[in-house]
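Visitor: These are the residues of each chain, in order.
2 protein chains.
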Amino acid sequence: MYDFPKAVAIKEEGPREGFQIEKGQISTDDKVRLIDALSLTGLQQIVVCSFVNPKVVPQMADADEICRRITRQPGVKYTGVWLNEKGLDRAKGTGVLDITGAITLTASATFLQKNQNSSFEHNQAEASRIAANFAASQIPVRNVNVASAFGCNFDGDIPLERVLSLIDAGLRIARENDLQPERISLLDTMGWATPVAIRRTVGAIRERFPDKQIGLHLHDTRGMGIANAYAGLEMGVTSFDACVGGLGGCPFAGNPGAAGNVCTEDLVFMLNEMGIETGIDLDKLIECAQLAEEIVGHPLPGRVKLGRNLDRIRDRVRQAQAVAA
Amino acid sequence: MYDFPKAVAIKEEGPREGFQIEKGQISTDDKVRLIDALSLTGLQQIVVCSFVNPKVVPQMADADEICRRITRQPGVKYTGVWLNEKGLDRAKGTGVLDITGAITLTASATFLQKNQNSSFEHNQAEASRIAANFAASQIPVRNVNVASAFGCNFDGDIPLERVLSLIDAGLRIARENDLQPERISLLDTMGWATPVAIRRTVGAIRERFPDKQIGLHLHDTRGMGIANAYAGLEMGVTSFDACVGGLGGCPFAGNPGAAGNVCTEDLVFMLNEMGIETGIDLDKLIECAQLAEEIVGHPLPGRVKLGRNLDRIRDRVRQAQAVAA
Numbered sequence: 001m002y003d004f005p006k007a008v009a010i011k012e013e014g015p016r017e018g019f020q021i022e023k024g025q026i027s028t029d030d031k032v033r034l035i036d037a038l039s040l041t042g043l044q045q046i047v048v049c050s051f052v053n054p055k056v057v058p059q060m061a062d063a064d065e066i067c068r069r070i071t072r073q074p075g076v077k078y079t080g081v082w083l084n085e086k087g088l089d090r091a092k093g094t095g096v097l098d099i100t101g102a103i104t105l106t107a108s109a110t111f112l113q114k115n116q117n118s119s120f121e122h123n124q125a126e127a128s129r130i131a132a133n134f135a136a137s138q139i140p141v142r143n144v145n146v147a148s149a150f151g152c153n154f155d156g157d158i159p160l161e162r163v164l165s166l167i168d169a170g171l172r173i174a175r176e177n178d179l180q181p182e183r184i185s186l187l188d189t190m191g192w193a194t195p196v197a198i199r200r201t202v203g204a205i206r207e208r209f210p211d212k213q214i215g216l217h218l219h220d221t222r223g224m225g226i227a228n229a230y231a232g233l234e235m236g237v238t239s240f241d242a243c244v245g246g247l248g249g250c251p252f253a254g255n256p257g258a259a260g261n262v263c264t265e266d267l268v269f270m271l272n273e274m275g276i277e278t279g280i281d282l283d284k285l286i287e288c289a290q291l292a293e294e295i296v297g298h299p300l301p302g303r304v305k306l307g308r309n310l311d312r313i314r315d316r317v318r319q320a321q322a323v324a325a
Numbered sequence: 001m002y003d004f005p006k007a008v009a010i011k012e013e014g015p016r017e018g019f020q021i022e023k024g025q026i027s028t029d030d031k032v033r034l035i036d037a038l039s040l041t042g043l044q045q046i047v048v049c050s051f052v053n054p055k056v057v058p059q060m061a062d063a064d065e066i067c068r069r070i071t072r073q074p075g076v077k078y079t080g081v082w083l084n085e086k087g088l089d090r091a092k093g094t095g096v097l098d099i100t101g102a103i104t105l106t107a108s109a110t111f112l113q114k115n116q117n118s119s120f121e122h123n124q125a126e127a128s129r130i131a132a133n134f135a136a137s138q139i140p141v142r143n144v145n146v147a148s149a150f151g152c153n154f155d156g157d158i159p160l161e162r163v164l165s166l167i168d169a170g171l172r173i174a175r176e177n178d179l180q181p182e183r184i185s186l187l188d189t190m191g192w193a194t195p196v197a198i199r200r201t202v203g204a205i206r207e208r209f210p211d212k213q214i215g216l217h218l219h220d221t222r223g224m225g226i227a228n229a230y231a232g233l234e235m236g237v238t239s240f241d242a243c244v245g246g247l248g249g250c251p252f253a254g255n256p257g258a259a260g261n262v263c264t265e266d267l268v269f270m271l272n273e274m275g276i277e278t279g280i281d282l283d284k285l286i287e288c289a290q291l292a293e294e295i296v297g298h299p300l301p302g303r304v305k306l307g308r309n310l311d312r313i314r315d316r317v318r319q320a321q322a323v324a325a
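Residue numbers (this note's numbering), protein chains in the order written: chain A, 1 to 325; chain B, 1 to 325.
A portion of the hints provided could be inaccurate.
As the list claims (entries may be wrong) - In the SDA-like style, the derived pairs of lysine to any residue whose C-alpha atoms are separated by at most 25 Å in a straight line are: (1) A:K114 - B:R318; (2) A:K114 - B:R312; (3) A:K212 - A:T79.
For the record, the hints were derived by calculation from the structure and aren't laboratory data.
Please take these sequences and the hints and turn them into a complete structure.
Guide: The following block contains the structure:
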């Protein structure tokens, strides 16, 4: 158990995670409209698109156009996702994205085997090769990521020792390439994390890697997202990925099992109430969540956009008390 | 910070909270069907209806009939809600309900004044009168409740000192009437609680009233329900009210601000993963949540009914591993 952090960094994943999973076609106009609105909330980083094969993910075929058309705001980092060198070249080619690398290792053997015809050894060899490319291209590497860090629908629960040894491997790969990642991020790719698992895993990482920041990427598949974030904050986690409105999850519209990252405005609401700085204007963020809901055309799971920001209710209480006095 | 409890008691509020808020008419058949299904999950207490004025709450006009028609299971306590002596007489008249009383005090001055033309003094005088009636009728009183314990849409944040002094008052009323409540319950009537507020308030109560159990009644208005429950567990809370499927909340169907109690199956999932006993069969409970959704005819906010019980995925993983071995 550690002190709560003073401040937390949030990476907004909604435009990518969210629009990627939608069944209907979302217009480039709408994507740009949401990204531009998010840019004015105080968010420091927005993942605007992914550079993937448009035949596989047609929803992201307009990735380059999105980057051309967004209105960049000072102080906001715009990033994209890529899975190979071709994607990286497209991302660089936009000329507007912040290009940072990461060393990502996957904790599920079966997932590696089934989805990438890979193994732990092969996964690490690939990560080494990619890290060498980042180093050669002077692309900064800020993160060591462990994917499926808590559990996997193929492999079940992931042993803590495996997570720790993958972090060791990631940091070794970084050292071998003169890279200095400052953060270890745990990706709960399939929504297996629970608050006690967060406490145990993050606690062990803090013990073993005390000089590293810790980040969490939490999917809300079983409704544990906010509780997991709280457990993470208790253990000193200082960065979170999140999706405005709960984008990416549309349990009420034909993708029952799917769930996005923890909802950004619900997370920011909790952080505000805890006195933890985010730099984000919650009211503007709630407006973005309402816009996201309007764009996708179905209810999104975030709650604060319905339940409202308590600070606005406090304002009304104060006004009523002033009138009465 | 205390140890997690070994076991937790859950009071299922769905049939009452949930069906009371629905706009459409729910048939008595359906209500009985859900209650009977819930009776077979291992839940120890189900609040089946409320005995209120049918002109004000027409959804509960069939309260007496519900009680007549449910199939009672051994080991399950069936309870009802009443707000006055007439309601209590109806509840007793059913002959099937477990009749227990509570001493309930409200922490919001403005709410008392606006909704009951009452004051803290008047509220306590009423509670004393009701407690005397319980004592005279030999109705056991197990709980001292503080309503609006965390905040109120009229009064704003509730000072901790007020909550503590109301508990003092409630326990004094109990003593004066030879009643022995074993538990203090905090009702987050308007969904103002956050995990840090839970930690602070429950911590102070544990310090001041170390011989009492503590219960929480949490509304999920701002998505904090499960995180609040987790924070409560860290502080040693041993009982929760909850609504199957997240009944009572229908943010996606015309009651945007409303939210029910924390979702029973999401809570039980977390408790299972923590190794905390509930006596409840999660798979049967998930079936009840699906039934509740079918009955109300719109999506309910609970997540585990979509994301699934991890134990069933673990079974599949084990089977696959056995086949591969």
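Visitor: Hint by hint, note whether the structure agrees.
Guide: Hint-by-hint comparison with the structure:
1. Between the alpha carbons of A:K114 and B:R318 the distance comes to roughly 17 Å, so the proposed pair stays at or under 25 Å and holds.
2. For the hint linking A:K114 to B:R312, the alpha-carbon distance of about 21 Å falls within 25 Å, and the restraint holds.
3. Annotation: proposed proximity of A:K212 to A:T79 holds, straight-line Cα distance about 22 Å (limit 25 Å).
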